[in-house]
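Q: Please put together the full structure from these sequences, using the hints given.
Number of protein chains: 2
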Amino acid sequence: MTTRVFVLSDHTGITAGSIARALLAQFPHQSFEMEEHPFLDSKDKVAAIVAEIERLNAEHHPPLVFSSFVNSEVRTLLAQACGSRLFDIFEAFTPPLEKLLGEAASPVTGQLHGIGNSGSYTARIKALDYAMIHDDGSITRNYAKADVILIGVSRSGKTPTCLYLALHNGLQAANYPLVDEDLETTRLPSILQEYKHKLIALTIEPKQLHRIRQQRRPGSRYASPEQCEWEVHQAENLFRKHHIPVIDTTAISIEEIAVHITAEIMH
Amino acid sequence: MTTRVFVLSDHTGITAGSIARALLAQFPHQSFEMEEHPFLDSKDKVAAIVAEIERLNAEHHPPLVFSSFVNSEVRTLLAQACGSRLFDIFEAFTPPLEKLLGEAASPVTGQLHGIGNSGSYTARIKALDYAMIHDDGSITRNYAKADVILIGVSRSGKTPTCLYLALHNGLQAANYPLVDEDLETTRLPSILQEYKHKLIALTIEPKQLHRIRQQRRPGSRYASPEQCEWEVHQAENLFRKHHIPVIDTTAISIEEIAVHITAEIMH
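So the sequences go chain by chain: A and B.
The first sequence lines up with residues 0 to 266 when you count with numbering that gives the first Met the number 0.
The second sequence lines up with residues 0 to 266 when you count with numbering that gives the first Met the number 0.
Careful, some of the hints might be misleading.
To be verified - Lysine-lysine pairs mimicking DSSO-like chemistry, simulated, CA-CA at most 30 Å apart:
(1) A:K206 x A:K195
(2) B:K206 x B:K195
(3) B:K125 x A:K125
(4) B:K125 x A:K44
(5) B:K195 x A:K144
(6) A:K197 x B:K125
(7) A:K44 x B:K197
(8) B:K144 x A:K125
(9) B:K197 x A:K125
(10) A:K144 x A:K125
(11) A:K197 x B:K195
(12) A:K195 x B:K206
(13) B:K44 x A:K240
(14) B:K125 x A:K206
Simulated from the structure, these hints should not be mistaken for lab results.
As the structure is a computational prediction, the values presented were derived from the model and not from experiment.
A: Structure follows, in structure tokens:
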């Protein structure tokens, strides 16, 4: 039987949703149907969802409820409706924190939204503009202002990673695609030489690269197994020779790559 | 006195970090110094951080520790070192879930990383390519394949939102910038007419728009208060006339806009 799962929040509910998914993934034999209700920021909206939960309870299909509400009155209301089926992030952690810090919590809405760091909104938008302008193959190469420059062959994951770093970390990330001409030698492309300390390399298994390029330009030389094999081999030689830190993107997600990069930058 | 805060995870730690920030924001009179340690995925790495925590404890500067580990042995180790100063997401919620579901949890790493939905990796990359190709002012207008088309004046938030929707929700989001020519009438631009059901409008307070454009092109007609006022006024008339749902982006973040849009699409 499928269990209904509600994700409720007075704000985006992004983090509550992430936690729900992570926790439920531990029960692969069960079936869940998730429903997200963000921005429940008025008494009326909360009352409506509480009524829905009570209706399901009365029908003996009580939902699991994951929630994040800074307002403790709302948490109490939900607890009354959901009992032990409620998992509220603030309720679980705020009281012990208050005790440890010797201070009562002030309700602050809208801080809980899955964003990777405290980079200000303006910094993130500025970084995003930078990433868009300095993406693959662009003419502008204002690398002096880059926080990091990603290098790698085409489709090794540079663009999504740059955008993620901008959106989440407010980092100005540029990228430089290594083309055949760069790969024929083990010299670092001249434009990169003075920024060597900012370089992080992305690599990928040739087979995976072939699959990705095949979707993009089926049957092309660009997508051929031989070309992919050659490019990756040459690129890795270049990275090794110049001691550039390398991240293998084959089996990891964009957010994982981004966290590896921010960790690398901190070092 | 500043309290040191460790965010520890066997994976990215993105969600644990979000939770820590949200919870600590409730204590604005305290000062915290946060340190993130992702990818603690071996016994050695965990042992090293436990030793560091024990050293700080011995010096009477015990850190607060927020963590997400699927491995319950690691959680036990940390609990021994941190006592009541440990806030572990899996430890807090997994045992009651096991009880409710009548099943033991299987440890599954890497599910907890702040990503908004279950869109597959490939779908997200595909959506990102789409967003990049169909960004502001691009020539290609393959709107038939769009999941959503954002319209609004320049700098109302369309581009970052499209990229976020692609990266996080795997949604193919296109955007159409309303220029003077479009704003001189209340007719919907002809290219948009057959896709009216896909349109969501972004608007912004003229003063805020002026500030943003001023940073971009100081002193230009484009950035002038009068031009910003006129564009927003005309755009809002257009949205009203054609009953296009409108999101005001003035005071909200990219992720908030994105959640409003996904909620709108679900309706």
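Q: Now, for every hint given, state plainly whether the structure supports it.
A: Hint by hint, here is what the structure shows:
A C-alpha spacing of about 29 Å is found between K206 of chain A and K195 of chain A, which places the hinted pair at or below 30 Å, so the restraint holds. Taking the CA atoms of K206 of chain B and K195 of chain B, the gap is about 29 Å. The hint holds against a cut of 30 Å. A hinted pair counts as satisfied when its Cα atoms are at most 30 Å apart, and K125 of chain B with K125 of chain A qualifies at roughly 24 Å. Between K125 of chain B and K44 of chain A the CA atoms are separated by roughly 36 Å; this puts the pair beyond 30 Å, and the hint is violated.
Proposed proximity of K195 of chain B and K144 of chain A is contradicted: the alpha carbons are some 41 Å apart, above 30 Å. A hinted pair counts as satisfied when its Cα atoms are at most 30 Å apart, and K197 of chain A with K125 of chain B qualifies at roughly 28 Å. A C-alpha spacing of about 26 Å is found between K44 of chain A and K197 of chain B, which places the hinted pair at or below 30 Å, so the restraint holds. For the proposed pair K144 of chain B and K125 of chain A, the alpha carbon gap of about 29 Å is at most 30 Å, so the pair holds.
Only pairs whose Cα atoms come within 30 Å are accepted, and K197 of chain B paired with K125 of chain A is accepted, the gap being roughly 28 Å. Between K144 of chain A and K125 of chain A the CA atoms are separated by roughly 12 Å; this keeps the pair inside 30 Å, and the hint holds. Taken as a hint, the K197 of chain A and K195 of chain B pair is broken in the structure, with Cα atoms around 45 Å apart against an allowance of 30 Å. Note on K195 of chain A and K206 of chain B: the hinted pairing is violated, with a Cα-Cα distance of about 42 Å set against a maximum of 30 Å.
Under the criterion of a C-alpha separation no larger than 30 Å, the hint pairing K44 of chain B with K240 of chain A is consistent with the structure, at around 28 Å. The straight-line distance between the Cα atoms of K125 of chain B and K206 of chain A is roughly 19 Å, inside the 30 Å bound, and the hint therefore holds.
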